Structure formats: C-alpha cells, structure tokens
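Undergrad: Letter by letter, the chains look like this.
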Amino acid sequence: MILWLAFKNIFHKPLHAVLNIIIFATGIGIITMLSLVQRQFEDKFEKNIEGIDMVMGASGSPLQLILSAVYHIDAPTGNIPLEEAEKWMKHPYIASAVPMAYGDSYLSYPMIGSDSCYYKHFGAELASGVFNHSNYEVVVGADVVQKLKLKVGDKFHSTHGQQEGGEEHGNVTWVVTGILKPTGKVIDRMIISNIESVWDIHGENGCTHDHADGEECHPHDHEEGREITAVLLKYRNPMAALQLPRLIREQSKNIQLAQPAIEINRLFSLLGIGLDAIRYLAYFIMGLSAISIFISIYNTLKERMYELAMIRTLGGSKFKVFSLILSEGILYSIFGYLTGLVLGVVGYRMVAMLAENEYQLSFGNLPLDITQQAMLLAISLFIGFLAAIFPAIKSYFIQISSTLSYE
Amino acid sequence: MLKTEQLYFEYSPQAKFNFPDIICAEGDTLIISGESGSGKTTLLHILGCLTMPLAGRVMLNDVELNKLEGSHLDKFRGEHISIIFQKMHFISSISVLDNLLLAQWLGRGVKEKEGAMHLLEKLNIADQRMKKPHLLSQGQQQRVAIARALINKPRLILADEPTSSLDNKNAEIVEQLLRESAHELNASLVIVTHDMRLKQNNKNIIELV
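Protein chains in written order, with the numbering used here: chain A, 1 to 407; chain B, 1 to 209.
There may be inaccurate statements among the hints.
[Claimed, not checked] Taking CB as the label site, the calculated pair distances span:
1. A:I295 with B:M196: 46 to 52 Å
2. B:D21 with A:I295: 47 to 53 Å
3. B:H118 with A:M375: 48 to 54 Å
4. B:E64 with A:M375: 52 to 58 Å
5. A:K13 with B:M130: 18 to 24 Å
6. B:K67 with A:M375: 45 to 51 Å
7. A:M375 with B:Y8: 57 to 63 Å
8. A:I370 with B:K67: 50 to 56 Å
9. A:F319 with B:S36: 43 to 49 Å
10. B:K131 with A:G272: 52 to 58 Å
11. B:D21 with A:Y298: 41 to 47 Å
12. A:I295 with B:E114: 38 to 44 Å
[To be verified] The calculated DSBU-like cross-link candidates involving lysine-lysine, where the alpha carbons are at most 30 Å apart (straight line), are:
13. A:K234 with A:K8
14. A:K320 with B:K132
15. A:K234 with A:K185
16. A:K13 with B:K111
17. A:K8 with B:K153
18. B:K199 with B:K87
19. A:K318 with B:K75
20. B:K131 with A:K320
21. B:K3 with A:K318
22. A:K394 with B:K87
23. A:K13 with B:K113
24. B:K131 with B:K75
25. A:K318 with B:K199
26. A:K8 with B:K3
Keep in mind the hints are simulated off the structure, nothing from the lab. Keep in mind the model is a prediction, meaning the values are calculated, not measured. Beta carbons are placed, not taken as given, at the ideal position from N, Cα and C, and that holds for glycine.
Modelling step: build the complete structure from the supplied sequences, incorporating the hints.
TA: Put into structure tokens, the structure is as follows:
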C-alpha cells in the first residue's frame with residue numbers, strides 16, 4: 001500500500017518523474033554499455049591471440065604488426081623475404097608457424113594466402129565444400145558468407161589492397177570451394193587462398209604448388225625473391241621465449257618480432273584510460289541524478305505537508321509517513337536502474353552493429369556481468385536512499401496540528 | 001461518550017486557554033463556537049489527539065486519550081476518531097475512491113471497496129469516484145471529506161467549520177448529513193464553528209471566550 005502510494009506520488013508529476021529516471025538511467029546505461037563493450041573487446045582480442053606466442057613481420061610499429069597480422073584491422077607493416085622467414089620457421093625452437101601473404105580483398109573483406117596450418121591454428125572446420133587445393137580457389141569464413149551470401153562454386157573478382165575501391169583484378173577469377181563453420185575468431189571474416197595465388201596475382205609467376213589437407217606444418221622450399229607479410233609463431237618450449245627473440249634480432253635485421261600478449265595489454269591499458277574517464281562521468285551523472293531526485297522530493301514535500309499530516313490524522317504512524325517518502329526515493333532508483341539496464345543493452349547492440357558495419361567485427365551476445373550489475377543495483381538503491389532520507393526524516397517529525405492550522 | 005476535564009493549553013504566556021469541560025453523549029451533537037483566537041481549533045485538535053493538552057484529561061468512553069503515545073495514539077485516532085477540516089486535504093495523486101480506501105487501510109488495516117462505494121453512493125458522488133479530488137467542486141469535495149470521515153465508523157466525529165464556505169442550502173444539507181450520520185453510527189459529533197446558522201438548530205452549544 002505504501003509502495004503503491006509512493007508510485008502514485010512519483011507519477012503524479014510525470015515530467016519530473018521521467019526526467020529523474022532518464023538522468024539516473026543515463027548513468028547506469030553508460031556504465032552497463034561500457035562494460036559490455038569492453039568485455040566483448042577483450043574477449044575478442046584475447047581469443048584471437050590464443051596459441052600465438054610471437055608474430056614475425058616487417059619492421060615498424062609492433063602494435064600495428066599485431067593489429068594487422070592477428071586481427072586484420074590495420075594495414076600491414078610491409079613484407080619480409082620468404083627465405084629469411086623460413087630460416088626461423090624451421091628453427092627447432094618453433095612448434096608451429098603459420099605464414100601469411102596479404103594481397104587482395106573482396107568487398108572490403110580481407111583475402112590472405114596461407115597454408116593448411118592457418119585452419120589448424122584457428123581450429124576451423126568446413127561447413128560445406130572442400131578446402132582450397134589449387135590456385136585461385138578460396139575458402140570463406142562464416143561471417144563473410146553470412147554478409148555476402150556466398151556459396152560453394154561462386155566466382156568473384158578481387159580488388160587490390162585491403163580497402164574497398166582499389167583497383168580491380170579483372171583478369172583473375174576466384175572460386176569458392178569451401179565454407180567454414182563459425183569459430184568466433186578472426187578467421188570468420190577472412191577469405192583464404194593458398195600463398196601461391198597471392199604471389200601469382202601480383203606478377204610473380206611461381207610454380208603452382210598444391211597444398212593437401214593435413215599437411216606438415218612447416219613450409220616447403222621456395223624460390224628466392226618471394227615475400228610474405230607475417231608469420232604467426234608458437235614456441236616449442238619456454239626456452240625459446242628467452243632465446244629466439246635475441247637470435248632473430250641479431251641475425252635478421254629487417255625482421256620484427258612482436259608479442260601479441262604484451263601489445264594487446266598495452267592497447268587495453270590505453271583504451272582503459274579513456275573508458276575510465278567515461279565511467280567517472282557516468283558516476284558523476286548518477287550523482288547529479290541523486291541531487292535531482294532530492295530536489296523533486298523535497299519540493300513536493302513542502303506542497304504535500306498537509307497530505308502527510310492528513311495521513312497521520314487518518315491513523316498513519318510516523319514510520320508509515322517516513323517509509324512513504326523513503327519509498328519514493330528508492331522507487332526512483334529502481335526505475336532508473338531498470339531503464340538504465342535496457343538503455344545499456346540497447347546501446348551495446350548499437351555499438352555492436354556499428355562495429356560490424358564499419359570494422360567487420362562481429363560482437364556476440366554476452367550475458368550481463370552479474371557481480372557488476374548487483375553492485376550497480378546496490379549503488380542505485382543507495383543513491384535513492386540518500387536522496388530521500390532527509391525529506392523522509394523531515395516528514396517523520398511533522399507537527400500535525402500546526403501543519404494543518406497554518407493554511 | 002466524550003468527556004473533558006479542566007483542559008489547559010498555552011502557546012505563549014499571552015495566549016493561554018482554559019477550556020470549559022465538555023460532555024457529548026453518543027449520537028449527540030455539540031457545537032463549540034467563539035470568536036477568532038478563542039481557541040476553537042486548538043480545542044478541536046486536542047479532542048482529536050493532534051495536540052496534547054498541557055493539563056487536564058480527554059476521555060472517549062473509557063479511554064483516556066492523552067495517556068496514549070506514539071503509534072498507539074495514531075492507531076487509536078485512525079480507528080475511532082474522524083476529523084473534517086475546514087480546508088479539505090486529500091491525497092492529490094490518487095482518486096476519490098482510493099482516498100477512501102487509503103483511509104480504511106490506515107484506520108483499520110483493511111480495504112473494503114463495497115463499503116466505500118456504498119458510502120459514495122449514499123452521498124451522491126459515486127460517479128466522481130475515479131477522478132482526482134482536486135478536480136471536484138467545493139461541494140463535492142466536502143462530501144468526499146464527509147465520506148472519508150464516516151468510512152471507519154468512528155466513535156467521535158470532529159468538524160472544523162464544515163459549513164463556512166457553503167451557501168445556506170448546502171450548509172443545511174451538510175449539517176443534516178453529519179448529524180444523521182453521527183446518529184446512525186452512534187458517534188459523538190463535535191462541530192467547531194462561528195456559523196450562526198448551525199447554532200439555530202442546536203441546543204447543545206458551548207461558547208468559548
């Protein structure tokens with residue numbers, strides 16, 4: 001009954017109520033959305049560096065090398081000679097090495113040349129068709145298939161470079177031979193051919209070199225002058241982590257090594273500063289909403305003194321009047337919290353859509369962080385309590401007689 | 001039966017009140033009248049347990065009201081005493097019917113929609129039950145206030161200037177209504193007023209000076 005009356009009282013002035021709830025919800029919504037986006041980001045980034053101890057590529061920014069070689073969201077740092085790379089790929093310290101040659105793209109989805117180790121690395125399985133066998137055959141990731149509606153047997157022309165609007169390679173036709181099951185990793189938005197196709201299309205007529213499924217994960221002998229873009233390395237033992245970087249640095253000046261874990265942590269901590277700043281802003285907004293709720297309750301309290309005295313006259317105890325006013329604050333915060341939760345999830349969906357359209361990053365459905373939400377709810381209730389406690393105390397000590405006498 | 005003995009109250013040394021003793025039997029009506037500043041409203045608030053007298057006693061049947069404290073007092077008041085104020089105070093955020101149900105709940109801890117509807121029908125305002133109180137006319141509001149005062153079947157009904165803002169016809173209707181209702185409920189009715197019209201029809205009058 002008290003809660004019902006508190007509800008009625010709040011929405012007696014609907015504009016005030018809506019304003020208070022919206023301000024409150026904005027704070028909650030921002031925090032909820034940020035944490036969803038951040039967790040999704042970290043999840044995506046960390047999932048994709050599993051099994052990669054080191055990335056080898058051309059000199060340049062190590063972060064750029066990681067972003068381009070592992071996530072394909074940045075331009076590559078350049079190419080390295082195949083001969084030089086192979087020297088290290090075959091090194092006894094290395095357990096597996098996945099070479100990648102970047103070439104074209106198709107409707108802004110990146111195409112890379114690699115070998116069967118690439119599929120193995122991501123644990124990718126075919127949904128239909130077969131793995132690529134000869135030149136100009138491609139296997140397509142699940143996201144690409146979904147977006148571009150490709151199927152086995154489809155043919156297309158590629159565009160030079162990673163950006164849309166590059167020069168079209170009209171004389172070359174790619175054929176889709178296989179479609180991959182979704183993995184939740186970066187391979188989902190890749191179009192994969194053999195390396196030879198990439199060399200071939202860019203004017204280095206090398207031998208056509210067939211790759212069979214389940215092939216040994218070490219490269220074969222190749223002719224001189226060929227280049228690849230990057231290699232994903234996995235060490236055989238912890239000693240390698242200590243020894244190999246030093247060896248490579250000493251012997252191959254043009255080759256850069258970057259450790260994904262370190263670079264990604266650096267990226268997260270940089271992003272983290274920005275996210276923290278926004279988060280503090282959200283808490284500040286929640287603080288503002290506490291003041292706004294307080295003012296609303298306090299202002300109406302003056303007008304409602306008679307009503308409260310009337311409730312007392314009709315037999316309501318001091319405590320009932322006290323809990324009525326307190327309930328109003330708490331109700332505000334509960335409505336604000338729930339609205340904020342909805343805003344946060346909707347906001348996250350919008351960011352996810354944006355990320356998908358702009359960066360081909362697919363964000364999945366994440367369950368809400370229960371601990372964090374419980375904490376937010378607790379903070380919300382506390383804010384509602386704080387906003388209403390002083391008006392509630394004031395109403396507790398109402399003098400019925402004098403309130404009703406002085407009109 | 002309402003009885004008072006040697007009630008005394010003061011706001012300041014300049015504003016002291018020694019009230020005459022009052023007796024009002026069940027079903028009877030007592031008019032308390034007097035000039036402004038004679039302490040009419042103060043006496044009414046003392047009778048309604050809204051203010052505690054500084055000396056003296058108020059007895060309702062066998063209960064000494066000024067011995068009750070805190071929430072016991074609130075509960076007793078809600079259950080047995082109804083007060084109709086000069087200016088009508090309703091909970092503005094809820095409907096007329098809900099105001100009556102709230103009074104039931106606060107007074108007796110129950111909600112009986114049928115009883116409330118019956119009363120509204122009797123007072124000829126049933127069709128206004130879903131409206132917010134402030135949207136009603138003065139006369140209608142007066143009747144809602146009376147309905148609220150009667151809903152818990154109190155033993156004592158106190159009314160502060162219930163007719164002062166009404167024309168002759170309506171004043172008579174309200175007086176009639178209060179008197180009949182008190183008689184029906186076997187409650188004591190105390191009306192505080194300076195309205196001459198009310199004094200004409202009553203024998204039981206106390207003049208404050």
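Undergrad: Looking back at the numbered hints, which does the structure fail to meet, lowest number first?
TA: Failing hints, ascending: 9, 13, 25 and 26.
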